[in-house]
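*Asks:* Chains A and D, in that order, give the protein sequences. Mapping to the working numbering: the first sequence position 244 is 244, numbers consecutive. Mapping to the working numbering: the second sequence position 3 is 3, numbers consecutive.
Incorrect hints may appear among the rest.
Just so you know, same-sequence chains aren't split out, so a pair can sit in one copy or run between any two.
[Said to hold, decoys possible] Listed below are the simulated SDA-like cross-link pairs for lysine to any residue, each with C-alpha atoms no more than 25 Å apart in a straight line:
1) K90 with G306
2) K90 with A10
3) K90 with V278
4) K180 with P19
5) K180 with G21
In short, the hints are calculated from the structure, not lab data.
2 protein chains.
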Amino acid sequence: GSADAAAAVADRQLQLTKPPGSLGRLESLAAWLARWQGREAPLLNRVVILVFAGNHGVTARGVSAFPSSVTAQMVANFDSGGAAINQLAKAARADLTVVPLDLDRPTADFTESPAMSEADFLAAVNAGYAAVPEGTDLLCLGEMGIGNTTTAAALTAALFGGDGEHWAGRGTGIDDAGLKRKREAIDAGLDRHQDILADPLLAALSLGGRELAGIFGAALAARIRGVPVLLDGFVSTAAAAPLAKLSPTGLDHAIIGHSSAEAGHWRLAEALGKVPLVDLGMRLGEASGAAVAIPILRAAVACHNGMATFAEAGVDNKD
Amino acid sequence: GSADAAAAVADRQLQLTKPPGSLGRLESLAAWLARWQGREAPLLNRVVILVFAGNHGVTARGVSAFPSSVTAQMVANFDSGGAAINQLAKAARADLTVVPLDLDRPTADFTESPAMSEADFLAAVNAGYAAVPEGTDLLCLGEMGIGNTTTAAALTAALFGGDGEHWAGRGTGIDDAGLKRKREAIDAGLDRHQDILADPLLAALSLGGRELAGIFGAALAARIRGVPVLLDGFVSTAAAAPLAKLSPTGLDHAIIGHSSAEAGHWRLAEALGKVPLVDLGMRLGEASGAAVAIPILRAAVACHNGMATFAEAGVDNKD
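The shape of chain A in the complex, shown without the other chains:
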């Protein structure tokens, strides 16, 4: 990131017609965008939402309230414009692209073997890396995949410690018996793969999923190309989290749009030192929690670039 661009933003903020600091987080968001875009005047002309989709072998353990068939059905719903993210993307003037990753070939059940082969994992990472369009000013990352809050909880436990009870929530709304199965599956996965848990990439390969690997690849591409990232909820934050484990500053180009109602997300956000922009009790995924926060970044940019200075407006500054 460009420290100069961030400093230029901070300097200009002090000259704008408002008490210093009174735009709160809008001020630091403008500086954050400038830093990662490497521009003194941050832009949000092209906001891109990528939704990666994948299927999960661990659903055989009865960990979700919905059948795996719903993943492909929801991808079709995305394609025909009927899902929440279609409406939210339109409202936020963002381009939406859905990237289904081998839906007819679910990952392996991680309680029995690694979820993916190295080739499968890298193919999904590469698909994510390649999916970030040139000229993207802000990248929002989300997912769809029945069973993937189980996957995300297992990966998070591998990266940050803790077990199924600590990290697993009700996902799309599973009942008590299902939640128990979910926690047991996570613990079984952690146990089976205990030898590789200290390696963030092997943990993502062994306990993750294709859509999580796609998010990881896209977040990596964004870092290299200077694109700020808006993460969605528990699954997309978990998917990007290996970057923070590979380098202490590896996720500094990403913020979290919304604090999910899925248990575990606020804990994961805290572990990453990130404060989500909003908390509206959502727990849908699909990048919906990122999309709902896009207008806050637009507000930050609009104020920063559009406001008059005290000198320009002839307004008396503080006594």
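Please arrange chain D on chain A, whose structure you already have, making use of the hints.
*Replies:* Below, chain D without anything else, positioned relative to chain A:
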């Protein structure tokens, strides 16, 4: 409000292609808009922001970091499009109207006499009432007035109890000595007007200000005409609060856009039983905290009206 419209929204939400409840507060916001608009499909075609401005005699007590001249200068800045609210209104596709109320005739210093005569108070209430355009789908209420966090704190103390120390914060950024003067002025006002504090309207007349009375009048007009209201920060919430004191449901058509960093706002929100939509550490006024929340309501409406149902999309519902 229309309970039927709200119930129709709740029923449709259960059929949309998402786990029930997974859009969190976006679902209840759609129902709230429908209730007060009296429409089963809530609309946000015309969003109106009204910013009322006034000057305050209590500034003679040294309660603000900025001179009173700034009120008129900022109104000029609003008119020429250079303020934060101009950028935020444009970003949220809202119409902005600024209503200056006798800026060259400040209210009286409330530590010495009632801030306004009955005629002045009613003129300001009427100006607010008349300022709400026909066909408004959502009304955002904000203000500008050097010294008015002192006014708002005094009015809030009158309505909900407590003193200057409990309700006064640093406003635009006053120093320790100024904060002490501010608290003393509030306590002196409460003492001088102790006989009328139990009457919400007399409290607004005696301790309030013209821009607060304008907000009160506009919020009243909105209630009568079925227009949902988005309140801004501490001052606009305090200004509308007499409606809640006049009737327990008097402010049910209003929500708070943003939890202000101004001390007292979260306490006032709690006293009113309201949870602000976002908290971004802003403390500017000008309706900025309401404007930044408009896109969340647009998101709620877009999802509610635009999403496909399970039947329409051919998506399997919960097991």
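*Asks:* All hints, please: hold or fail.
*Replies:* Status of the hints after comparison with the structure:
In the homo-oligomer, the alpha carbons of K90 and G306 lie at most 25 Å apart both inside one protomer (23 Å) and across protomers (10 Å), since each shortest distance falls under that limit. Proximity of K90 to A10 under the C-alpha cut-off of 25 Å is restricted to the inter-copy arrangement: shortest distance 23 Å between copies versus 31 Å within a copy. For the identical chains of this complex, K90 and V278 are neighbours both inside a copy (19 Å) and across copies (21 Å), given an alpha-carbon limit of 25 Å. For a Cα distance limit of 25 Å, the shortest separation of K180 from P19 across copies, 20 Å, qualifies, whereas the shortest one inside one copy, 52 Å, does not.
Taking identical chains as interchangeable, the C-alpha atoms of K180 and G21 lie at most 25 Å apart only when they sit on different chains, with a minimum of 22 Å there against 47 Å within one chain.
In summary, this structure violates none of the numbered hints.
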